[in-house]
Amino acid sequence: MAKITASLPQGTRDFGPETVRKRHYIFSVIRQVFELYGFQPLETPAMENLDTLMGKYGEEGDKLIFKILNNGLNNPRNIEKARAAFAHVLEGRNDSALTERALRYDLTIPFARYVAMNHGQLTLPFKRYQVQPVWRADRPQRGRYREFYQCDADVVGSYSLLNETELALIYATVFAKLGIAVSVKLNNRKILAALSELCGGAEFMTAITVAIDKLDKIGIEKVKEELQQKGLNDAQIATIEKYLCITGSNAQKLEALTALLGNNVTGKKGMAELTTVLDAVSNTSYAAVFELDFTLARGLNYYTGIIFEVKAKNVQMGSIGGGGRYDDLTGTFGLPNTPGVGISFGVDRIYDVMEELQCFPAAVNTGAKAIFFNLGEKESQRAFTLALELREKNIACELYHEQAKFDKQFKYAEKKHIPYVIILGSRELEENTCLVKNLASGDQQTVAQSALADFNFA
RNA sequence: GUAGUUGUAGCUCAGUUGGUUAGAGCAUCAGAUUGUGGUUCUGAGGGUCGUGGGUUCGAGCCCCAUCAUCUACCCCA
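669 is the number that this note's numbering gives to position 414 of the first sequence; each next residue is one higher, with no gaps.
Check the hints yourself; a few may be wrong.
[As the list claims (entries may be wrong)] Each pair of labels, with its calculated beta carbon distance range:
1. Gly573 with Asn488: 28 to 36 Å
2. Leu643 with Arg682: 20 to 28 Å
3. Asp709 with Gly271: 32 to 40 Å
4. Ile473 with Lys524: 28 to 36 Å
5. Val619 with Asn488: 53 to 61 Å
6. Ala527 with Arg394: 23 to 31 Å
7. Gly486 with Val619: 48 to 56 Å
8. Gln387 with Arg682: 50 to 58 Å
9. Asn556 with Lys670: 48 to 56 Å
10. Asn488 with Tyr292: 43 to 51 Å
11. Arg332 with Val275: 44 to 52 Å
Hints in this document: simulated from the structure, not taken from any laboratory. Everything numeric in this text was worked out from a predicted model, so none of it was measured. For each residue, glycine too, the CB sits at the ideal point set by N, CA and C.
Given only the sequences and the hints, what does the whole structure look like? Please build it.
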């Protein structure tokens with residue numbers, strides 16, 4: 256076998272023991288809260304049929320889907336077809352003779368596919384959560400990877416705003432538990448639709464949302480320029496500028512927006528929905544994290560109602576979560592009129608934020624609670640027996656693998672963040688005791704071997 | 001897809017206008033220290049300077065290509 260230099264595909268990462276522990280901590284908090292709200296777990300395959308994914312994420316999104324080359328292309332029976340297909344691919348088209356499967360790009364579309372395939376068996380509303388990796392052929396950069404995890408919670412089959420309310424609270428609860436200060440931004444696509452109706456008509460909605468989404472990045476003047484290029488007139492742009500300049504408390508923002516949108520039916524509906532949700536969360540301890548942001552647009556075009564986005568405070572990072580309501584997600588899979596609403600957590604970015612803000616509790620990295628020093632043949636045999644007793648009691652521990660100097664064994668314990676060292680040498684062997692030492696405090700005490708399993712290795 | 005950054009020891013990085021045998025800190029291993037670590041001291045191992053060409057008497061340094069990396073744009077978690 257030829258020797259090759261060890262390397263990783265672009266945008267992917269290995270996770271060492273400490274990183275995995277920290278990631279598991281994030282996953283477990285999120286899962287726990289999902290479960291608290293009655294969501295059920297779902298897993299779908301890493302790959303989907305290409306048809307399932309194509310056309311769901313917009314033109315740019317389609318380009319970022321990782322496609323899987325079909326097997327057996329060199330089979331003489333397929334070779335001509337494959338050549339023709341390759342010509343198609345060079346023209347920028349897809350061809351099932353060359354590739355018919357792709358890695359999933361997000362968790363929402365596979366979920367929609369699942370619902371369409373199983374709606375007969377599902378009890379509606381179906382509340383599911385899903386924690387799995389997704390793949391995108393993006394150029395990697397800060398906070399962006401080609402393989403990353405999403406944690407989604409979606410409710411399908413219910414128009415109730417209670418879902419939006421609970422999802423908003425899930426966001427607040429999770430980030431509170433993780434210790435990250437965030438702002439959960441809310442808007443409603445209906446308001447954006449109303450704005451579009453006022454300014455040039457519904458066909459401008461995409462152009463308008465794309466432009467205002469960039470506000471905090473490029474500034475108001477550039478947004479106005481972009482709108483002008485899209486063909487909006489000065490009066491329309493002025494209206495949008497007024498819209499974008501709305502500030503104040505949530506109540507003040509709603510008031511200003513009412514004045515701006517007037518009697519537009521869609522707009523009123525959008526505002527009423529937001530009011531309902533905000534009122535519902537206002538009596539909770541999390542009320543302060545929710546913030547109306549009319550400049551929030553979100554790229555995915557399938558959203559039709561309230562939309563969410565979460566930004567971490569005190570750190571420069573893209574959004575660490577997003578979601579919203581979509582009224583007809585399963586329609587393309589032959590199941591019309593099925594509403595849904597969902598949110599997503601970006602674990603990899605949450606990890607980066609927590610690392611930067613040092614939010615991880617120190618205890619995250621404890622695996623084994625104790626380590627027995629290996630101080631000789633007979634000593635280690637006794638230690639081995641005691642280790643088994645501890646494990647019977649679900650106390651994770653290990654025995655140093657060979658006799659070595661104290662120095663070395665201490666360093667090993669320290670590196671592995673093991674909080675307790677158990678010293679069992681010739682003296683202890685004789686007295687049927689052992690010495691339990693807390694590495695952090697330096698305190699140590701003699702414990703009878705028979706009582707070791709009851710020791711509190713907190 | 002577009003633009004830029006960086007590439008030297010396991011890791012983080014020095015390396016002057018091109019000039020003898022390419023350095024430091026951390027990490028590793030051994031010893032000072034045969035039952036108490038995180039401090040200190042001594043010593044050792046470890047590099048075809050990302051790769052391939054070119055310029056030059058001479059290249060880690062200059063030029064070209066290539067690969068990788070990070071960052072920004074686009075888009076997004």
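Structure-based check of each hint:
no.	hint	verdict
1	Gly573 with Asn488: 28 to 36 Å	holds (33 Å)
2	Leu643 with Arg682: 20 to 28 Å	holds (22 Å)
3	Asp709 with Gly271: 32 to 40 Å	holds (34 Å)
4	Ile473 with Lys524: 28 to 36 Å	holds (30 Å)
5	Val619 with Asn488: 53 to 61 Å	holds (56 Å)
6	Ala527 with Arg394: 23 to 31 Å	violated (41 Å)
7	Gly486 with Val619: 48 to 56 Å	holds (54 Å)
8	Gln387 with Arg682: 50 to 58 Å	holds (53 Å)
9	Asn556 with Lys670: 48 to 56 Å	holds (50 Å)
10	Asn488 with Tyr292: 43 to 51 Å	holds (47 Å)
11	Arg332 with Val275: 44 to 52 Å	holds (45 Å)
When the structure is compared with the earlier hints, a violation turns up for hint 6 alone.
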